[in-house]
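In order, the protein sequences belong to chains A and B. The opening residue of the first sequence carries number 1 in our numbering; numbering runs sequentially from there. The opening residue of the second sequence carries number 1001 in our numbering; numbering runs sequentially from there.
I should point out that these hints are in silico values taken from the structure, not numbers from a laboratory. From the three backbone atoms N, C-alpha and C, an ideal C-beta is built for every residue, glycine too.
Residues from chain A that keep clear of chain B, each with C-beta distances beyond 10 angstroms, as calculated:
{"hint": "1", "residue": "R99"}
{"hint": "2", "residue": "T134"}
{"hint": "3", "residue": "Y196"}
{"hint": "4", "residue": "G318"}
{"hint": "5", "residue": "M323"}
{"hint": "6", "residue": "N325"}
Pairwise CB distance ranges (calculated):
{"hint": "7", "chain 1": "A", "residue 1": "E276", "chain 2": "B", "residue 2": "T1197", "range": "52 to 62 angstroms"}
{"hint": "8", "chain 1": "A", "residue 1": "P57", "chain 2": "B", "residue 2": "E1287", "range": "29 to 39 angstroms"}
{"hint": "9", "chain 1": "A", "residue 1": "D242", "chain 2": "B", "residue 2": "R1271", "range": "39 to 49 angstroms"}
Number of protein chains: 2
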Amino acid sequence: MDYETPQFFTVMQYAARADRDVVDMVSGNPDWEPPTALRDGLREYADGDVSDFQYPPSVGLTPLRDEVAERRGVDRSRVLVTNGAGEANHLATTGALDRGAGSEVVMTDPVYPYYAGRATLLDAESTYVSADETGQLDPADVREAASDGTAAIVVNSPNNPTGAVYPPETTEALVAVAEEYDAVLVSDEVYDHFDYTGTFESPLSAESDHVVATNSFSKSMAVTGFRVGYAVFPPEDGPMGDLVERARTRHMIQNVTGSRPAQYAVLRALRETPPEYYERNRERLRERIDRFTDALDRAGAAYTTPAGSFYVIARFDGFPGTMENVERLVDEAGVAGMPGEAFGESRADWLRFALVTPRVDEAAERLADYLG
Amino acid sequence: MDYETPQFFTVMQYAARADRDVVDMVSGNPDWEPPTALRDGLREYADGDVSDFQYPPSVGLTPLRDEVAERRGVDRSRVLVTNGAGEANHLATTGALDRGAGSEVVMTDPVYPYYAGRATLLDAESTYVSADETGQLDPADVREAASDGTAAIVVNSPNNPTGAVYPPETTEALVAVAEEYDAVLVSDEVYDHFDYTGTFESPLSAESDHVVATNSFSKSMAVTGFRVGYAVFPPEDGPMGDLVERARTRHMIQNVTGSRPAQYAVLRALRETPPEYYERNRERLRERIDRFTDALDRAGAAYTTPAGSFYVIARFDGFPGTMENVERLVDEAGVAGMPGEAFGESRADWLRFALVTPRVDEAAERLADYLG
Chain A
1 MDYETPQFFT VMQYAARADR DVVDMVSGNP DWEPPTALRD GLREYADGDV SDFQYPPSVG
61 LTPLRDEVAE RRGVDRSRVL VTNGAGEANH LATTGALDRG AGSEVVMTDP VYPYYAGRAT
121 LLDAESTYVS ADETGQLDPA DVREAASDGT AAIVVNSPNN PTGAVYPPET TEALVAVAEE
181 YDAVLVSDEV YDHFDYTGTF ESPLSAESDH VVATNSFSKS MAVTGFRVGY AVFPPEDGPM
241 GDLVERARTR HMIQNVTGSR PAQYAVLRAL RETPPEYYER NRERLRERID RFTDALDRAG
301 AAYTTPAGSF YVIARFDGFP GTMENVERLV DEAGVAGMPG EAFGESRADW LRFALVTPRV
361 DEAAERLADY LG
Chain B
1001 MDYETPQFFT VMQYAARADR DVVDMVSGNP DWEPPTALRD GLREYADGDV SDFQYPPSVG
1061 LTPLRDEVAE RRGVDRSRVL VTNGAGEANH LATTGALDRG AGSEVVMTDP VYPYYAGRAT
1121 LLDAESTYVS ADETGQLDPA DVREAASDGT AAIVVNSPNN PTGAVYPPET TEALVAVAEE
1181 YDAVLVSDEV YDHFDYTGTF ESPLSAESDH VVATNSFSKS MAVTGFRVGY AVFPPEDGPM
1241 GDLVERARTR HMIQNVTGSR PAQYAVLRAL RETPPEYYER NRERLRERID RFTDALDRAG
1301 AAYTTPAGSF YVIARFDGFP GTMENVERLV DEAGVAGMPG EAFGESRADW LRFALVTPRV
1361 DEAAERLADY LG
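The shape of chain A in the complex, shown without the other chains (with noise of 0.2 angstroms):
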């Protein structure tokens, strides 16, 4: 598989170019209404004055920065605002193996297809760790994967795109193959408002050097074309005190700053959202999750029931998960999702679908009636 260009934005387009209808399920796109707060913070944005169309400083809109900072506990100078999670990473990663402490890039098999396109762009060493049935990680496996020459072990829960919430016990341990290995733990919590246990507990919590912590508001308000992320970094009077300043001037240089209309909309939104809302949209999830799973049943289908995040990945007898496979299902059956493949080996016969349409049901009794 080519995981130089991740093939999202390919499968969406396929599926919006079909000549039928389709149930849309490839992208991470939620389809719920994002906070109010947010579409008002957009208007009172636009009647604002000149001088807040200007350049935001580099690192983020500084309340934003403290509202992240006071989220996580940290002190401000460790948050970098970002072009969406992905940014992020891409920082976390490049500093990581800038640091010149190892040139591997460590990650799970699956894969989430942007992890792997960045290691190959940054001509570093990939290595990938099988993950279980089920998406868990055993420590154990990363450990003997890691050594001297480990520059980020990037891993990501609640997990996209099996669903799987490490344990805390996992997540310390990774801290602890990160802190041997003189590495960075790059640990992407984008789904964390999406963890259907109760039980997900970010590496940040350890206060190790080793982690850096990214994240986004794309999945938890809604708002995946806004691009608002961030990073967290290790303190800056601290061992890897590079880090965060590494990061801050290749921001700089690749993006200036981030886009402000949409800083301003988020940091309203972060201010102003009850709970209630992140619950609504978890509850929403858990029912669509049961939904689908119900009707895969029916299908004769195997699959995992996500413990966080809105992906089901799924096996029908005889249909590997491969592109073409993919574009058959957009025009014969009408269901659009990723091909397994694209998320590393260990998944090829699996198709993973994002639950971000509410025609769940209607969408796995098409695949029911095309593969049962």
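Put chain B on the given structure of chain A with help from the hints.
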């Protein structure tokens, strides 16, 4: 001078913290109104469907690329929408270096510090060609500086900080040098709407496979904080067709995509804003240039009268353009500019003033009182 971290944000923050009234002439942040249609576009977007809040295509909103392609007279496939001209320049320069056809970046002195910082970050060899006193560039000097090891020649006309507008002969000769050495001419044209001579011509019109034109709406629409820019690459089916492909991949890995509310608002403004809007802004700046340079005359300062962009660089006897002197001017004269040394050795005796305030006479008089 440390180019690695451009100093704009540092000086802006210093000026903002000052314990007195300061006329801010540091940044290129316009103080005039954005197009009415831009504010309307944001308001309209705020009320849009949730699907409009999700990922735009990685290469940018299709109608926005169409509008750009039409204005630039190129095929849409050549247009990549970026996070401001900053990202466009980053992708163009990185792409030129990634070709393996050279590791040197040729720039001008004085230079826009981001170009220099980028070359350093990318481990490129940096070569500077001196502009003359008025900011004009002799293509023969560029030809002499260039070699088979040259990957990119990065120019900016209308120029920041000199205000020079290169005549078409210069532009054509620069294209020829890029072709001769199999290099990429990166033409940063963010001030194209601020050409007071009417003579500016983009090297794109040469229809060479060795030109990448970069631009943004930051200055022309007075929205530096929106981060909407673009690059026009050589045709995909030409000898340099891999440039656009590489840029798309890097853009996707680095940023996933740009911020959609900003793209949406810019699109509407691009469609609906009459030429008078841009002419009015030029007229305002022409007046400010006159008033500021008149006051500089009275103060006995040397300066260049800009033919384009909106900066005046000035020299006061015995007061070189160091960061220390800039801080003294903030604290003791109440005027904030940029140190000339930030733009290169050749302007180390100079200070750069951005005409982004109606208080230009007042600023010049303060300078005269303090330094005269």
